[in-house]
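Construct the entire structure; sequences and hints are all you get.
Letter by letter, the chains look like this.
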Amino acid sequence: MDKFEKLSGIAAPMPLVNIDTDMIIPKQFLKTIQRSGLGKNLFDEMRFDREGKEIADFVLNKPQYREAQILVAGDNFGCGSSREHAPWALLDFGIRSVISNSFADIFYNNCFKNGILPIVLPQEAVDVLMKDAEKGSNARIEIDLENQVVTSSDGETFSFEIDAFKKHCLLNGLDDIGLTMEKGSAIDAFEAKAAAARPWV
Amino acid sequence: MSPKTLYDKIWDTHVAHESEDGTCLLYIDRHLVHEVTSPQAFEGLRMTGRKVRAPEKTIAVPDHNVPTTHGRENPDQMTEDSRIQVAALDKNAKDFGIHYYPVSDIRQGIVHIVGPEQGWTLPGMTVVCGDSHTATHGAFGALAHGIGTSEVEHVLATQTLIQKKSKNMKVEITGKLKPGVTAKDITLAVIGATGTAGGTGYVIEYCGEAIRDLSMEGRMTVCNMAIEGGARAGLIAPDEKTYEYVKGRPHAPKGEQFEAALAWWKTLFSDDDAHWDKVITLKGEEIQPVVTWGTSPEDVLPITATVPNPEDFKGGKVEAAKRSIEYMGLTPGQKLTDIKIDTVFIGSCTNGRIEDLRAAADIVKGKKIKDGMRAMVVPGSGLVRKQAEEEGLAQIFKDAGFEWRLAGCSMCLAMNPDQLAPGERCASTSNRNFEGRQGYKGRTHLVSPAMAAAAAITGHLTDVREMM
Ligand code: SF4
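So the sequence lines, in the order shown, correspond to chains A and B. This note's numbering numbers the first residue of the first sequence as 1 and each following residue consecutively. This note's numbering numbers the first residue of the second sequence as 202 and each following residue consecutively.
Rather than coming from a laboratory, the hints here were simulated on the basis of the structure. Please read all numbers here as calculations on a predicted model, not as lab measurements. Treat the hints with care, since some could be wrong.
[To be verified] Which chain A residues stay away from chain B? Per the calculated CB distances, all over 10 Å, these:
#: 1; residue: Glu-5
#: 2; residue: Lys-6
#: 3; residue: Gly-52
#: 4; residue: Glu-54
#: 5; residue: Val-59
#: 6; residue: Arg-66
#: 7; residue: Ile-106
#: 8; residue: Lys-131
#: 9; residue: Glu-134
#: 10; residue: Ser-137
#: 11; residue: Glu-146
#: 12; residue: Glu-156
#: 13; residue: Ala-189
[Said to hold, decoys possible] In silico lysine-lysine, DSSO-like type, Cα no more than 30 Å apart, as pairs:
#: 14; chain 1: A; residue 1: Lys-166; chain 2: B; residue 2: Lys-365
#: 15; chain 1: B; residue 1: Lys-365; chain 2: A; residue 2: Lys-6
#: 16; chain 1: B; residue 1: Lys-252; chain 2: A; residue 2: Lys-183
#: 17; chain 1: A; residue 1: Lys-193; chain 2: B; residue 2: Lys-252
#: 18; chain 1: B; residue 1: Lys-467; chain 2: A; residue 2: Lys-193
#: 19; chain 1: B; residue 1: Lys-365; chain 2: A; residue 2: Lys-167
#: 20; chain 1: B; residue 1: Lys-515; chain 2: A; residue 2: Lys-135
#: 21; chain 1: B; residue 1: Lys-210; chain 2: A; residue 2: Lys-166
#: 22; chain 1: B; residue 1: Lys-587; chain 2: B; residue 2: Lys-295
[Unchecked claim] A partial selection of chain B residues facing chain A, derived with a Cβ cut-off under 10 Å:
#: 23; residue: Glu-352
#: 24; residue: Glu-354
#: 25; residue: Ser-416
#: 26; residue: His-476
#: 27; residue: Gln-489
#: 28; residue: Leu-614
Glycine included, every Cβ here is placed at the ideal spot set by N, Cα and C.
This is the structure:
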């Protein structure tokens, strides 16, 4: 997994609320057995018409947002299915951070496993950044994970909360499984104790 | 000892390790696996030379891609990519030595129906699956929730999950339900009341007389959609109905072990003075048969209502409602019962169990579906299908003009050939009405099985109470 330290990038505005994982990556693209290559189908049904032609007014099709690395989005982003294909598609397209007032639980967790930083900010802050994002490619938003700060193109700063463990893993690009396996003896001990207490499991 | 909620109790018995910052390794008792969200996880194990830590606690079944028409063992029935995905699960189950119900096995079905049916799901367990509707298993008083593929790999390799504890939310449904009102109406009404983000950060415990009165099937329907309310999981304290359902299932404990298990299960309830971070109460008598009008499960209204006006909403919801109404091809002020339906889907992990099929068959019996209607029943598992055939339900559906299918997810998410065409409008017993969920530009109204059956007969959304 790639580390996430600082990012300065173009932010695409997606004010719609309840953007679900079916929108982010429709199910016909879940049939892959790989993690890569999903970026071309990101937001497929909003981005392309039935013939596969780009829908000009969809935000990521506009020239100024084609290189976007950040999404500023409406409430409850990533609701719906648990498909990790959603963060895989975002990442493959080049999105490294999503800013919203709230995220659905599973999507939020899935982001961290893939080096994407989901940032929760109060609605007023999201509104400011949304306006900022609407300015297009001249407006770069800066994200500093170490200091937990987002800076708008006008220099306005917003600090955000993040779980310390998740932050540590993201800053260092750490693999969860490796970390957990180091605690193998604790798991062994738990398993033995649980097997005695609840042998039917 | 300080008072605890049911969630607290299950959590506390499953923490294998706790770090100073409160991050825990939660031990997982049952790991359910399906073909769509697992291939990359098994591939990850292969690449790192890791094994499945507890194959005896890992159960796999293909369900999302599988065709639900006869002759489906014939590979020609699947598209190339679906075939590859199912074949990958076949191979992974074999290579890693996990329990497996292949397409040809009568026990095959939707993973959340197979788990309880085979007795894999028991009270007090932790259950995960790379699928958001894992919350279904909460009906047994298990802590059950969906995970992503990286977490699937994590559980395969370590049998644990890195977790922080959620908050406790109590959803109480008091009193009795009126005739024609079902578990599906309860769960949709709750989402209507809380919104799709209302449960974010919480584990919900459903309680109250109306919940107690539900069968295990009904309780699974309620918990199934906890995720649509944003909650990590939903659960219901086990009781006599739970023990009765579990007893004698193939993988449930037997004899002395059952007695020992039972003694523990009986301690699984929320203490009287336990702390709740949020409490919601709905009156059972006031819940009506409901239907969704928009493209989010929170877009719920009683069947007697009319399509809302987007201007009646606040903030970002105004735009969302406009977009929904346009997508759904509706007009504000239009009566919901005037909405014409061309497709009916009865099935899914929300409503694909025997009781659901009985409720639908009750309405359908002796009648015919509307001319031009496409109506299908897709049982949740091969065993549900068999039972429905033995009870004569299958014949009732067939006589009325329904297609009687084999088990799978089918048109719940339309990854297999069962899809809506653009503009088609479906009364569906599934759980998601998102844009394109049941097929590109397809339109979905979520309803109970009885309401779906009623719509199949009349050709429009219908108040099932008028047909009872
Ligand atoms: S029936 Fe639908 S919701 Fe349930 S597991 Fe299958 S696709 Fe998911």
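Verification of the hints:
1. Look at Glu-5 of chain A: its CB is around 20 Å from the nearest CB on chain B, clear of 10 Å, so calling it non-interface holds up.
2. Against the 10 Å criterion, Lys-6 of chain A stays outside the reach of chain B, whose nearest CB is about 23 Å from its own CB.
3. Distance check on Gly-52 of chain A: its Cβ is at least 12 Å (rounded) from any Cβ of chain B, clearing the 10 Å threshold; non-interface status holds.
4. The beta carbon of Glu-54 of chain A sits about 17 Å from the closest Cβ of chain B, which is more than 10 Å, so the claim that it is off the interface holds.
5. Look at Val-59 of chain A: its CB is around 14 Å from the nearest CB on chain B, clear of 10 Å, so calling it non-interface holds up.
6. At roughly 23 Å from the closest C-beta of chain B, the C-beta of Arg-66 of chain A stays outside 10 Å, upholding its exclusion from the interface.
7. Residue placement check: Ile-106 of chain A does not keep its beta carbon more than 10 Å from all beta carbons of chain B (closest about 5 Å).
8. With a least beta-carbon separation of about 14 Å from chain B, Lys-131 of chain A lies farther than 10 Å from that chain, consistent with its non-interface assignment.
9. Once the 10 Å rule is applied to beta carbons, Glu-134 of chain A is consistent with being away from chain B; the minimum gap is 15 Å.
10. Under the 10 Å C-beta cut-off, the non-interface status given to Ser-137 of chain A relative to chain B holds; the minimum distance is some 24 Å.
11. At roughly 17 Å, the least C-beta separation between Glu-146 of chain A and chain B is larger than 10 Å, which holds for a residue marked as non-interface.
12. With 10 Å as the threshold on Cβ separation, the claim that Glu-156 of chain A sits away from chain B holds: the shortest Cβ distance comes to roughly 21 Å.
13. Not every CB of chain B lies more than 10 Å from the CB of Ala-189 of chain A, the least distance being 8 Å, so the non-interface label is violated.
14. For the hint pairing Lys-166 of chain A with Lys-365 of chain B, the CA-to-CA distance comes to about 11 Å; that is within 30 Å, so the pair holds.
15. Annotation: proposed proximity of Lys-365 of chain B to Lys-6 of chain A holds, straight-line Cα distance about 26 Å (limit 30 Å).
16. For the hint linking Lys-252 of chain B to Lys-183 of chain A, the alpha-carbon distance of about 16 Å falls within 30 Å, and the restraint holds.
17. Between the alpha carbons of Lys-193 of chain A and Lys-252 of chain B the distance comes to roughly 22 Å, so the proposed pair stays at or under 30 Å and holds.
18. Of the supplied pair hints, the one linking Lys-467 of chain B and Lys-193 of chain A holds, its CA atoms being roughly 20 Å apart against a limit of 30 Å.
19. Distance hint between Lys-365 of chain B and Lys-167 of chain A is fulfilled; the C-alpha atoms sit about 14 Å from each other, no more than 30 Å.
20. Using a Cα cut-off of 30 Å, the hinted pair Lys-515 of chain B and Lys-135 of chain A holds, with the two alpha carbons roughly 25 Å apart.
21. About 26 Å separates the Cα atoms of Lys-210 of chain B and Lys-166 of chain A, which keeps this hinted pair within 30 Å; it holds.
22. For a cut-off of 30 Å, the pair hint linking Lys-587 of chain B to Lys-295 of chain B stands: about 27 Å separates their Cα positions.
23. Proximity of Glu-352 of chain B to chain A holds as hinted, the smallest CB-CB distance being about 7 Å (cut-off 10 Å).
24. For Glu-354 of chain B, the shortest C-beta to C-beta distance to chain A is roughly 7 Å, which falls under 10 Å, so the interface hint holds.
25. A hinted interface residue such as Ser-416 of chain B counts as satisfied when its beta carbon comes closer than 10 Å to some beta carbon of chain A; here the least separation is about 24 Å, so the hint is violated.
26. Of the supplied interface hints, the one on His-476 of chain B is violated, with its beta-carbon coming no nearer than about 21 Å to a beta-carbon of chain A, more than 10 Å.
27. A hinted interface residue such as Gln-489 of chain B counts as satisfied when its beta carbon comes closer than 10 Å to some beta carbon of chain A; here the least separation is about 24 Å, so the hint is violated.
28. Given the 10 Å rule on beta carbons, the hint for Leu-614 of chain B holds: about 5 Å separates it from the nearest Cβ of chain A.
Of the hints listed earlier, those the structure fails to meet are numbers 7, 13, 25, 26, 27, in rising order.
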